[in-house]
Amino acid sequence: MIKIDNLCKSFGRDEVLKDICLSIDKGQVLGIIGPSGSGKSTLLRCINNLEFPTSGTVRINGKLAYRDETGKAFSETEISATRSKVGMVFQHFNLFPHMTVMQNVYAGPKHVLGLSEKEFREEAIALLESVGLAEKRDQFPEQLSGGQQQRVGIARALAMKPDVMLFDEVTSALDPELVGEVLGVLRKLSEAGMTMLIVTHEMGFVRQVADRVIFMDEGRIVEENSPAEFFDNPQNERTKSFLASVLSHTD
Amino acid sequence: MEFFNLIKPEIALDALPTIFTGLLITLLITIICGILSLTLGVLVAFGRKSKSRTLRLSLGAYVQVFRSTPFLLQLVYIYFVLPFFGIEIPPLPAGILALTLHYTAYLCEVYRGAIEAVPKGQTDAAKALGMRNRVLMVRVILPQAIRTIIPALCNYMVSLLKDTSLLSVVTVQEMMFRGQIYAAETYDYFTIYTMVFLLYFAVGFPGVKLVDYLENRMKKGYASRSVVTSSEETLTARGEKR
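Quick note, the sequences are listed as chains W and L, same order.
Numbering-wise, the first sequence is residues 1 to 251 according to the working numbering.
Numbering-wise, the second sequence is residues 1001 to 1242 according to the working numbering.
Hints are computed from structural coordinates only; laboratory data are not their basis.
It is possible that part of the hints are untrue.
Simulated coverage check for chain L against chain W, where a stretch passes if three residues somewhere in it have a Cβ under 8 Å from a Cβ of chain W [stated by the list, open to error]:
no., segment
1, 1028 to 1036
2, 1052 to 1059
3, 1062 to 1071
4, 1128 to 1134
Taking beta-carbon pairs under 10 Å as the criterion, some of the chain W residues facing chain L (in silico) [claimed, not checked]:
no., residue
5, Thr-77
6, Ala-81
7, Val-86
8, Gly-87
9, Phe-93
10, His-98
11, His-111
12, Ser-145
13, Gly-146
14, Arg-220
15, Asn-233
16, Ser-248
Glycine included, every Cβ here is placed at the ideal spot set by N, Cα and C.
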């Protein structure tokens, strides 16, 4: 589904990603955890070309995405087409504030695929129902709680029928009591067989939902394992100390 | 009541036609320069993001020069200095040119600032959906930027209206100039300048109130829909709700 080879990314002298190799199969849920600044978000952003890698390749469905072997970028049309199949949900929702909930969900199908609102209406309502927000469809994002906004964010991304979904700390900006409703949507998605990459600090959730976990530190993948092994029997010293400090907080 | 005794109605009445013609010219200059600078401002703003380095640098230099020097100097330079280079421009076109150049430099910064003020997350979200640059500019960035742009533009239009009075320096027959001439002929500075004062206020004040109104309206958020952001689809969406 997604294959990343020797991916490196630097911002000036700052090496954020160092030689990342990773592959995700269809239907797999990958949990990405690690301290802040470890490159988790940058890794996600490289997968839909919001950041372009300094070197290395990203393959989606077996095909090189965004750039060829020599590092030459593809055309805007090709890049946009690939992106439209990679859904992304953001920490700060990034809903379009000038559009209603419904128009946010329409945004992709309408402005990328050229569908009319009529053609997409039923699907849009179904999507909003699946995140429990159909009755909010004529409201504006500013009228919704953080948890509701984030669920609209998920529905907006799903409207493009993506092959894979990237979740970038989607619950980090939420009040604690709103985290559950968003995680519930993610859980439903994983049960429906969506391929997902989830950057998060919700350890309990990763443990239950992920098929595989990677731990990143200073731009490298330090450890990669099944959730049970990863949490119960971490191998790397860095992983152990991170888990120890994080889990002691949550208990 | 002292104040009103100083105003001589017969002089005011006598001056009215010429002052009023001046007001019309003032308004005309404002409209012409307004339309020109509003449009050119957009072009310069996009030009400054162009791929051509030469274009970017020269437009940048133009904007900085016109923002860093007094308007009055720019005006007299165009009118009195350009003739040394063989470029002689009559008063009115010279005035319109100076005002347009000056305001274009400011307005392009308004556009640029408003576009840059839209949070980067909006661009990320639009790109992640697969929107192309042009579409994301039209559908996502501009509708949000316009909320900052509209009140700022109105504010500059009021400034422009007032700044047309400076064209009197190069003998453009607008309201200020006509007032000066008439006052000098009759020595009744009080009556004439009070008249001119009131007329500027009469056209300027509604503009200022409009700016206040728009600013308040834009602050309110998107839920209480403002005229500028309301689009066809919301109207239909609302219609269906009813």
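Against the structure, the hints come out as follows:
Counting residues of the segment 1028 to 1036 of chain L whose beta-carbon sits less than 8 Å from any beta-carbon of chain W gives 0, not enough to reach three: the coverage restraint is violated. Counting residues of the segment 1052 to 1059 of chain L whose CB lies closer than 8 Å to any CB of chain W gives 0, so the stated coverage by that chain is violated, three being the minimum. Look at the segment 1062 to 1071 of chain L against chain W: 0 of its residues bring a Cβ nearer than 8 Å to a Cβ of that chain, fewer than three, so the hint is violated. Coverage of the segment 1128 to 1134 of chain L by chain W holds [criterion: at least 3 residues with CB-CB distance below 8 Å; count 6].
Given the 10 Å rule on beta carbons, the hint for Thr-77 of chain W holds: about 7 Å separates it from the nearest Cβ of chain L. Because the beta carbon of Ala-81 of chain W sits about 7 Å from the nearest beta carbon in chain L, less than 10 Å, this interface hint is met. For the restraint placing Val-86 of chain W at the interface with chain L, the shortest Cβ-Cβ distance is roughly 7 Å, inside the 10 Å limit, so the hint holds. The interface hint given for Gly-87 of chain W is met, as the beta carbon of that residue sits about 7 Å from the closest beta carbon of chain L, less than 10 Å.
This hint holds: Phe-93 of chain W has a C-beta 8 Å from the nearest C-beta of chain L, less than the 10 Å allowed. Annotation: His-98 of chain W was flagged as interfacial toward chain L, and the flag holds, the nearest CB pair being 5 Å apart, inside 10 Å. At about 5 Å, the closest approach between the beta carbon of His-111 of chain W and any beta carbon in chain L falls short of 10 Å, and the interface hint on this residue holds. Proximity of Ser-145 of chain W to chain L is violated relative to the hint, the smallest CB-CB distance being about 14 Å (cut-off 10 Å).
With its C-beta approaching chain L no nearer than about 14 Å, Gly-146 of chain W sits outside the 10 Å limit, and its interface hint is violated. Among the interface hints, the one on Arg-220 of chain W is violated; its C-beta lies about 25 Å from the nearest C-beta in chain L, farther than the 10 Å criterion. For Asn-233 of chain W, the interface hint is violated, the least distance from its beta-carbon to any beta-carbon of chain L being 36 Å, above 10 Å. Here the hint on Ser-248 of chain W is broken, as its CB sits about 32 Å from the closest CB of chain L, past 10 Å.
Consistency note: the structure conflicts with the earlier hints numbered 1, 2, 3, 12, 13, 14, 15, 16.
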